[in-house]
Amino acid sequence: MKLSPITLTGIVISMVTGVALGISGHSWWLTERSESDHARAFDEVLSQVQLNYVEEVGRDELMDQALRGMLDGLDSYSDFLDTSDFNDLQAETTGQFGGIGIELGKVDDAFTVITPLDGTPASRSGLRSGDRIVAVDQQELKTGSKLIDVVHALRGEVGSKVNVTFQRGDEAPKTATLTRAVIEVASVRGRLLEPGFGYIRISQFQTTTSEDFANLLAELGSEHKLNGLVLDLRNNPGGVLQASVDVADALLKDGLIVYTEGRLPSSHLRYRASGRDLLKGAPIAVLINQGSASAAEIVAGALQDHGRAMVLGNTSYGKGSVQSVLPLSGQRALKLTTSYYYTPHGRSIHEMGIEPDLIVDEAGNVADQNAPIVDEALAALKREHQNRLHARL
8 MKLSPITLTG IVISMVTGVA LGISGHSWWL TERSESDHAR AFDEVLSQVQ LNYVEEVGRD
68 ELMDQALRGM LDGLDSYSDF LDTSDFNDLQ AETTGQFGGI GIELGKVDDA FTVITPLDGT
128 PASRSGLRSG DRIVAVDQQE LKTGSKLIDV VHALRGEVGS KVNVTFQRGD EAPKTATLTR
188 AVIEVASVRG RLLEPGFGYI RISQFQTTTS EDFANLLAEL GSEHKLNGLV LDLRNNPGGV
248 LQASVDVADA LLKDGLIVYT EGRLPSSHLR YRASGRDLLK GAPIAVLINQ GSASAAEIVA
308 GALQDHGRAM VLGNTSYGKG SVQSVLPLSG QRALKLTTSY YYTPHGRSIH EMGIEPDLIV
368 DEAGNVADQN APIVDEALAA LKREHQNRLH ARL
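To convert, take the position in the sequence shown, counting from 1, and add 7; that gives the working numbering.
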(Lines of atoms letter the chains of each structure in order from A and count residues from 1; the text may use other names and numbers.)
(Lines give C-alpha, C1' and ligand atoms only; values in the text may rest on other atoms or scores of the structure.)
Protein backbone atom coordinates (compact mmCIF):
# COMPACT_ATOMS: atom_id res chain seq x y z
CA MET A 1 0.00 0.00 0.00
CA LYS A 2 1.38 3.39 -0.96
CA LEU A 3 0.55 6.18 1.43
CA SER A 4 1.34 9.85 0.85
CA PRO A 5 -0.48 12.51 2.84
CA ILE A 6 0.25 16.01 1.58
CA THR A 7 -0.26 18.12 4.67
CA LEU A 8 2.19 18.24 7.54
CA THR A 9 2.29 14.88 9.35
CA GLY A 10 5.16 14.30 11.73
CA ILE A 11 7.50 16.72 9.97
CA VAL A 12 10.63 17.99 11.69
CA ILE A 13 11.84 21.37 10.37
CA SER A 14 15.62 20.94 10.01
CA MET A 15 17.52 24.12 9.19
CA VAL A 16 20.81 23.51 7.40
CA THR A 17 23.67 25.84 6.65
CA GLY A 18 24.92 26.48 3.15
CA VAL A 19 23.03 25.01 0.23
CA ALA A 20 21.54 21.56 0.75
CA LEU A 21 22.69 18.89 -1.71
CA GLY A 22 25.83 20.94 -2.37
CA ILE A 23 24.34 22.98 -5.21
CA SER A 24 26.65 25.92 -5.83
CA GLY A 25 27.12 27.32 -9.30
CA HIS A 26 27.19 23.88 -10.96
CA SER A 27 25.28 20.81 -9.81
CA TRP A 28 27.25 17.74 -8.84
CA TRP A 29 25.84 15.74 -11.75
CA LEU A 30 27.10 18.37 -14.20
CA THR A 31 30.65 18.47 -12.81
CA GLU A 32 30.91 14.67 -13.11
CA ARG A 33 28.99 14.36 -16.34
CA SER A 34 31.97 13.14 -18.33
CA GLU A 35 32.44 10.24 -15.91
CA SER A 36 28.80 9.27 -15.43
CA ASP A 37 26.63 7.49 -17.96
CA HIS A 38 23.57 8.41 -15.92
CA ALA A 39 24.44 12.09 -15.95
CA ARG A 40 25.10 11.96 -19.69
CA ALA A 41 21.76 10.23 -20.30
CA PHE A 42 19.99 12.84 -18.20
CA ASP A 43 21.50 15.67 -20.22
CA GLU A 44 20.60 13.97 -23.49
CA VAL A 45 16.99 13.33 -22.42
CA LEU A 46 16.63 16.93 -21.27
CA SER A 47 17.86 18.19 -24.63
CA GLN A 48 15.63 15.83 -26.63
CA VAL A 49 12.53 16.80 -24.67
CA GLN A 50 13.22 20.49 -25.20
CA LEU A 51 13.80 19.94 -28.92
CA ASN A 52 11.17 17.37 -29.84
CA TYR A 53 8.32 17.18 -27.31
CA VAL A 54 4.93 17.97 -28.85
CA GLU A 55 4.48 21.01 -26.58
CA GLU A 56 7.08 23.52 -25.49
CA VAL A 57 8.21 22.93 -21.92
CA GLY A 58 10.48 25.30 -20.03
CA ARG A 59 13.81 24.11 -18.70
CA ASP A 60 12.92 25.11 -15.13
CA GLU A 61 9.73 23.06 -15.23
CA LEU A 62 11.60 20.04 -16.56
CA MET A 63 14.23 20.35 -13.85
CA ASP A 64 11.58 20.56 -11.13
CA GLN A 65 9.88 17.47 -12.53
CA ALA A 66 13.19 15.63 -12.61
CA LEU A 67 13.85 16.47 -8.97
CA ARG A 68 10.37 15.31 -7.98
CA GLY A 69 10.85 12.12 -9.95
CA MET A 70 14.07 11.39 -8.07
CA LEU A 71 12.26 11.68 -4.75
CA ASP A 72 9.15 9.81 -5.93
CA GLY A 73 11.39 6.79 -6.36
CA LEU A 74 12.36 6.84 -2.68
CA ASP A 75 8.97 6.70 -0.97
CA SER A 76 5.55 8.33 -1.01
CA TYR A 77 6.43 11.04 1.52
CA SER A 78 9.68 12.53 0.22
CA ASP A 79 9.17 15.45 -2.15
CA PHE A 80 10.77 18.47 -3.77
CA LEU A 81 9.02 21.69 -2.74
CA ASP A 82 9.14 24.68 -5.05
CA THR A 83 8.59 28.17 -3.64
CA SER A 84 4.79 27.85 -3.70
CA ASP A 85 4.81 24.38 -2.10
CA PHE A 86 7.23 25.49 0.62
CA ASN A 87 5.09 28.52 1.47
CA ASP A 88 1.98 26.31 1.63
CA LEU A 89 3.69 23.88 3.99
CA GLN A 90 4.87 26.68 6.29
CA ALA A 91 1.35 28.13 6.38
CA GLU A 92 -0.13 24.78 7.41
CA THR A 93 2.05 24.62 10.54
CA THR A 94 0.49 27.87 11.79
CA GLY A 95 -3.08 26.69 11.22
CA GLN A 96 -4.16 29.12 8.47
CA PHE A 97 -4.27 28.46 4.74
CA GLY A 98 -6.64 28.59 1.79
CA GLY A 99 -8.58 25.70 0.32
CA ILE A 100 -11.47 23.34 1.06
CA GLY A 101 -10.15 21.84 4.29
CA ILE A 102 -9.00 18.27 3.70
CA GLU A 103 -5.86 16.27 4.12
CA LEU A 104 -5.39 14.42 0.87
CA GLY A 105 -3.30 11.31 0.41
CA LYS A 106 -2.49 8.85 -2.35
CA VAL A 107 -3.54 5.35 -1.29
CA ASP A 108 -3.00 2.54 -3.80
CA ASP A 109 -2.81 5.16 -6.59
CA ALA A 110 -6.17 6.70 -5.59
CA PHE A 111 -6.40 10.29 -4.34
CA THR A 112 -8.00 9.65 -0.98
CA VAL A 113 -9.44 11.90 1.71
CA ILE A 114 -7.42 11.13 4.83
CA THR A 115 -9.21 13.68 6.99
CA PRO A 116 -11.78 16.43 6.46
CA LEU A 117 -10.80 19.20 8.89
CA ASP A 118 -13.40 20.36 11.40
CA GLY A 119 -15.58 23.31 10.46
CA THR A 120 -14.33 23.56 6.87
CA PRO A 121 -16.14 23.44 3.49
CA ALA A 122 -15.07 19.81 3.11
CA SER A 123 -16.53 18.68 6.45
CA ARG A 124 -19.76 20.58 5.80
CA SER A 125 -20.10 18.98 2.36
CA GLY A 126 -20.18 15.49 3.85
CA LEU A 127 -16.79 14.30 2.59
CA ARG A 128 -15.46 11.49 4.80
CA SER A 129 -12.19 9.75 5.47
CA GLY A 130 -11.66 7.13 2.79
CA ASP A 131 -13.58 8.91 0.02
CA ARG A 132 -11.66 8.80 -3.26
CA ILE A 133 -11.52 11.99 -5.33
CA VAL A 134 -11.84 11.06 -9.00
CA ALA A 135 -12.27 14.47 -10.67
CA VAL A 136 -11.88 18.19 -9.96
CA ASP A 137 -14.01 20.59 -12.00
CA GLN A 138 -14.95 17.75 -14.35
CA GLN A 139 -11.28 17.02 -15.06
CA GLU A 140 -10.68 13.33 -14.42
CA LEU A 141 -7.67 12.56 -12.24
CA LYS A 142 -5.31 10.16 -13.97
CA THR A 143 -3.37 7.46 -12.14
CA GLY A 144 -0.11 9.22 -12.95
CA SER A 145 -1.26 12.61 -11.67
CA LYS A 146 0.93 14.21 -9.00
CA LEU A 147 -0.52 14.66 -5.54
CA ILE A 148 0.75 18.23 -5.34
CA ASP A 149 -0.99 19.08 -8.62
CA VAL A 150 -4.32 17.81 -7.29
CA VAL A 151 -3.86 19.88 -4.14
CA HIS A 152 -3.22 22.98 -6.25
CA ALA A 153 -6.35 22.25 -8.31
CA LEU A 154 -8.43 22.13 -5.13
CA ARG A 155 -6.99 25.38 -3.84
CA GLY A 156 -7.86 28.75 -5.32
CA GLU A 157 -9.19 32.22 -4.66
CA VAL A 158 -11.19 32.52 -1.45
CA GLY A 159 -14.90 32.59 -2.32
CA SER A 160 -14.48 30.74 -5.61
CA LYS A 161 -16.20 27.41 -6.18
CA VAL A 162 -14.76 24.02 -7.04
CA ASN A 163 -16.61 20.86 -8.10
CA VAL A 164 -15.23 17.77 -6.40
CA THR A 165 -16.30 14.36 -7.72
CA PHE A 166 -15.70 11.56 -5.24
CA GLN A 167 -16.47 7.88 -4.79
CA ARG A 168 -17.28 6.15 -1.51
CA GLY A 169 -16.65 2.42 -1.49
CA ASP A 170 -18.48 0.78 -4.39
CA GLU A 171 -21.09 3.52 -4.64
CA ALA A 172 -21.57 5.58 -7.79
CA PRO A 173 -19.47 8.77 -7.93
CA LYS A 174 -21.04 11.93 -6.52
CA THR A 175 -20.16 15.57 -7.12
CA ALA A 176 -20.12 18.23 -4.41
CA THR A 177 -19.72 21.95 -5.08
CA LEU A 178 -17.55 23.57 -2.41
CA THR A 179 -16.78 27.23 -1.83
CA ARG A 180 -13.11 27.78 -1.09
CA ALA A 181 -12.33 29.57 2.17
CA VAL A 182 -9.43 30.61 4.35
CA ILE A 183 -8.89 27.51 6.45
CA GLU A 184 -8.28 28.45 10.06
CA VAL A 185 -7.95 25.37 12.18
CA ALA A 186 -8.41 25.80 15.93
CA SER A 187 -6.52 22.69 16.94
CA VAL A 188 -7.85 22.37 20.51
CA ARG A 189 -11.38 22.64 21.85
CA GLY A 190 -13.38 20.92 24.54
CA ARG A 191 -15.98 21.00 27.29
CA LEU A 192 -17.16 19.19 30.40
CA LEU A 193 -19.23 16.12 29.56
CA GLU A 194 -20.48 16.20 33.13
CA PRO A 195 -18.95 17.37 36.41
CA GLY A 196 -15.55 15.75 36.82
CA PHE A 197 -15.26 14.37 33.29
CA GLY A 198 -13.79 16.41 30.45
CA TYR A 199 -13.67 16.13 26.67
CA ILE A 200 -10.86 17.60 24.56
CA ARG A 201 -10.59 17.28 20.81
CA ILE A 202 -7.26 17.91 19.06
CA SER A 203 -7.91 18.27 15.33
CA GLN A 204 -4.21 18.54 14.40
CA PHE A 205 -0.88 19.27 16.08
CA GLN A 206 0.25 22.85 15.51
CA THR A 207 3.02 24.85 17.13
CA THR A 208 0.67 26.17 19.86
CA THR A 209 -1.29 22.95 20.46
CA SER A 210 0.45 21.75 23.61
CA GLU A 211 0.09 25.13 25.34
CA ASP A 212 -3.56 25.39 24.30
CA PHE A 213 -4.15 21.84 25.54
CA ALA A 214 -2.66 22.53 28.98
CA ASN A 215 -4.63 25.76 29.33
CA LEU A 216 -7.93 24.09 28.40
CA LEU A 217 -7.23 21.19 30.75
CA ALA A 218 -6.70 23.67 33.60
CA GLU A 219 -9.90 25.51 32.67
CA LEU A 220 -11.97 22.31 32.66
CA GLY A 221 -10.59 21.36 36.06
CA SER A 222 -11.06 24.79 37.64
CA GLU A 223 -14.60 24.12 38.91
CA HIS A 224 -14.49 20.36 39.43
CA LYS A 225 -11.46 18.13 39.85
CA LEU A 226 -11.19 16.03 36.71
CA ASN A 227 -11.77 12.34 37.38
CA GLY A 228 -11.33 11.39 33.75
CA LEU A 229 -10.68 12.76 30.25
CA VAL A 230 -11.86 11.80 26.78
CA LEU A 231 -9.07 12.76 24.35
CA ASP A 232 -10.48 12.78 20.82
CA LEU A 233 -7.84 12.27 18.10
CA ARG A 234 -10.22 11.05 15.39
CA ASN A 235 -9.46 12.48 11.95
CA ASN A 236 -6.30 14.11 13.33
CA PRO A 237 -3.77 13.92 10.47
CA GLY A 238 -0.76 14.70 12.67
CA GLY A 239 1.35 17.82 12.48
CA VAL A 240 4.32 19.08 14.45
CA LEU A 241 6.18 16.21 16.12
CA GLN A 242 7.26 18.23 19.17
CA ALA A 243 3.66 19.29 19.82
CA SER A 244 2.54 15.67 20.06
CA VAL A 245 5.45 14.85 22.38
CA ASP A 246 4.49 17.77 24.64
CA VAL A 247 0.83 16.68 24.80
CA ALA A 248 1.85 13.13 25.73
CA ASP A 249 4.29 14.55 28.29
CA ALA A 250 1.42 16.48 29.90
CA LEU A 251 -0.38 13.18 30.57
CA LEU A 252 2.48 10.87 31.59
CA LYS A 253 4.32 10.60 34.89
CA ASP A 254 7.52 9.18 33.46
CA GLY A 255 9.00 6.93 30.80
CA LEU A 256 9.68 7.01 27.10
CA ILE A 257 7.16 8.78 24.85
CA VAL A 258 8.55 7.94 21.40
CA TYR A 259 11.89 7.30 19.76
CA THR A 260 13.11 7.68 16.20
CA GLU A 261 15.75 5.75 14.29
CA GLY A 262 17.22 6.27 10.85
CA ARG A 263 20.42 5.73 8.92
CA LEU A 264 22.32 8.64 10.47
CA PRO A 265 23.24 8.82 14.17
CA SER A 266 21.62 12.27 14.33
CA SER A 267 18.25 10.66 13.61
CA HIS A 268 18.41 8.50 16.74
CA LEU A 269 16.32 10.54 19.16
CA ARG A 270 14.60 9.70 22.44
CA TYR A 271 11.72 11.73 23.87
CA ARG A 272 10.96 11.14 27.56
CA ALA A 273 8.24 12.33 29.91
CA SER A 274 9.27 15.00 32.39
CA GLY A 275 6.85 14.01 35.16
CA ARG A 276 4.07 16.55 34.55
CA ASP A 277 0.97 14.28 34.48
CA LEU A 278 -1.48 17.17 34.74
CA LEU A 279 -4.35 14.74 35.44
CA LYS A 280 -2.54 13.20 38.42
CA GLY A 281 -3.24 9.68 37.23
CA ALA A 282 -6.94 10.15 36.43
CA PRO A 283 -8.07 7.73 33.69
CA ILE A 284 -8.00 8.70 30.02
CA ALA A 285 -9.92 7.38 27.01
CA VAL A 286 -8.37 8.11 23.61
CA LEU A 287 -10.52 8.04 20.46
CA ILE A 288 -8.93 7.16 17.10
CA ASN A 289 -10.05 6.16 13.61
CA GLN A 290 -8.58 5.60 10.15
CA GLY A 291 -8.06 9.37 9.85
CA SER A 292 -5.76 9.48 12.90
CA ALA A 293 -2.18 9.62 11.66
CA SER A 294 1.43 10.36 12.54
CA ALA A 295 1.62 12.71 15.54
CA ALA A 296 -1.84 11.55 16.66
CA GLU A 297 -0.56 7.97 16.61
CA ILE A 298 2.47 8.99 18.69
CA VAL A 299 0.18 10.22 21.48
CA ALA A 300 -2.19 7.25 21.28
CA GLY A 301 0.67 4.75 21.14
CA ALA A 302 2.55 6.27 24.08
CA LEU A 303 -0.51 6.40 26.34
CA GLN A 304 -1.52 2.88 25.31
CA ASP A 305 1.94 1.35 25.87
CA HIS A 306 2.21 2.87 29.35
CA GLY A 307 -1.29 1.66 30.29
CA ARG A 308 -2.20 5.29 30.82
CA ALA A 309 -5.25 5.25 28.56
CA MET A 310 -7.81 2.98 26.96
CA VAL A 311 -7.88 3.46 23.18
CA LEU A 312 -11.28 3.22 21.50
CA GLY A 313 -12.39 3.37 17.87
CA ASN A 314 -10.88 1.84 14.75
CA THR A 315 -7.34 1.10 13.58
CA SER A 316 -5.45 4.31 12.84
CA TYR A 317 -3.86 5.32 9.53
CA GLY A 318 -0.35 3.95 10.05
CA LYS A 319 2.05 6.77 9.22
CA GLY A 320 5.21 6.01 11.16
CA SER A 321 7.94 7.90 9.33
CA VAL A 322 9.47 11.30 10.01
CA GLN A 323 10.18 13.83 7.28
CA SER A 324 12.81 16.53 7.66
CA VAL A 325 12.30 19.75 5.70
CA LEU A 326 15.68 20.86 4.37
CA PRO A 327 15.69 24.41 2.93
CA LEU A 328 17.37 24.87 -0.45
CA SER A 329 18.36 27.96 -2.37
CA GLY A 330 15.69 30.10 -4.04
CA GLN A 331 13.11 29.63 -1.24
CA ARG A 332 12.70 25.98 -2.13
CA ALA A 333 13.04 22.92 0.08
CA LEU A 334 13.50 19.18 0.19
CA LYS A 335 11.06 17.10 2.26
CA LEU A 336 12.94 13.89 2.96
CA THR A 337 12.14 10.83 5.05
CA THR A 338 14.99 10.62 7.55
CA SER A 339 13.75 8.20 10.23
CA TYR A 340 10.98 5.96 11.50
CA TYR A 341 9.37 6.43 14.88
CA TYR A 342 8.55 3.73 17.41
CA THR A 343 6.22 3.57 20.41
CA PRO A 344 7.73 3.06 23.90
CA HIS A 345 7.38 -0.73 23.54
CA GLY A 346 9.22 -0.69 20.22
CA ARG A 347 6.20 -0.94 17.95
CA SER A 348 6.53 0.46 14.46
CA ILE A 349 3.07 1.44 13.29
CA HIS A 350 4.18 2.34 9.75
CA GLU A 351 1.47 1.07 7.39
CA MET A 352 0.06 -0.93 10.33
CA GLY A 353 -1.60 1.64 12.56
CA ILE A 354 -2.53 1.65 16.24
CA GLU A 355 -5.00 -1.09 17.15
CA PRO A 356 -7.66 0.11 19.61
CA ASP A 357 -8.22 -1.70 22.90
CA LEU A 358 -11.94 -1.55 22.17
CA ILE A 359 -13.29 -1.45 18.61
CA VAL A 360 -16.16 1.01 18.30
CA ASP A 361 -17.59 1.56 14.83
CA GLU A 362 -18.72 5.11 14.19
CA ALA A 363 -21.34 6.64 11.94
CA GLY A 364 -22.31 10.16 11.00
CA ASN A 365 -20.24 13.25 11.70
CA VAL A 366 -16.88 12.33 13.22
CA ALA A 367 -16.55 15.85 14.67
CA ASP A 368 -19.77 15.41 16.69
CA GLN A 369 -18.89 15.75 20.37
CA ASN A 370 -22.11 13.89 21.25
CA ALA A 371 -21.35 10.85 19.07
CA PRO A 372 -22.04 7.38 20.54
CA ILE A 373 -18.30 6.68 20.78
CA VAL A 374 -17.98 9.63 23.19
CA ASP A 375 -20.73 8.14 25.36
CA GLU A 376 -18.93 4.79 25.25
CA ALA A 377 -15.68 6.44 26.35
CA LEU A 378 -17.40 8.35 29.16
CA ALA A 379 -18.98 5.15 30.46
CA ALA A 380 -15.57 3.44 30.47
CA LEU A 381 -14.02 6.35 32.40
CA LYS A 382 -16.77 6.29 35.00
CA ARG A 383 -16.38 2.53 35.49
CA GLU A 384 -12.63 2.92 35.96
CA HIS A 385 -13.13 5.81 38.38
CA GLN A 386 -15.57 3.74 40.45
CA ASN A 387 -13.21 0.75 40.44
CA ARG A 388 -10.43 2.95 41.81
CA LEU A 389 -12.68 4.32 44.54
CA HIS A 390 -13.67 0.80 45.61
CA ALA A 391 -10.03 -0.29 45.59
CA ARG A 392 -9.25 2.38 48.19
CA LEU A 393 -11.90 1.13 50.63
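Just so you know, the hints here were simulated from the structure itself, not pulled from any lab data. Keep in mind it's a predicted model, so treat the numbers as computed, not measured. Just so you know, even glycine gets a beta-carbon here, dropped at the ideal spot from N, CA and C. Some hints here could point you the wrong way.
[Stated by the list, open to error] Dumping the calculated DSS-like pairs for lysine-lysine here, alpha-carbon to alpha-carbon at most 30 Å:
#	residue 1	residue 2
1	Lys181	Lys149
2	Lys153	Lys168
3	Lys181	Lys168
4	Lys232	Lys168
5	Lys287	Lys149
6	Lys232	Lys149
7	Lys232	Lys260
8	Lys181	Lys113
9	Lys168	Lys149
10	Lys232	Lys113
11	Lys342	Lys153
12	Lys181	Lys153
13	Lys389	Lys287
14	Lys260	Lys287
15	Lys342	Lys113
16	Lys342	Lys389
17	Lys287	Lys342
18	Lys260	Lys149
[Said to hold, decoys possible] Label-pair ranges, simulated between beta-carbon atoms:
#	residue 1	residue 2	range
19	Asp156	Pro272	53 to 59 Å
20	Gly163	Asn394	23 to 29 Å
21	Gly166	Arg66	32 to 38 Å
22	Arg66	Ser152	42 to 48 Å
23	Leu271	Ser152	31 to 37 Å
24	Arg283	Asp67	46 to 52 Å
25	Met77	Gly176	32 to 38 Å
26	Val64	Ser91	28 to 34 Å
27	Thr214	Leu58	21 to 27 Å
28	Lys168	Gly337	49 to 55 Å
29	Phe49	Ser336	39 to 45 Å
30	Gly166	Arg283	52 to 58 Å
- Query: So which hints don't hold here, by number, going up?
  - Reply: As far as the earlier hints go, 4, 5, 6, 10, 16, 17, 18, 19, 20, 22, 26, 27, 28, 29, 30 are violated by this structure, in ascending order.
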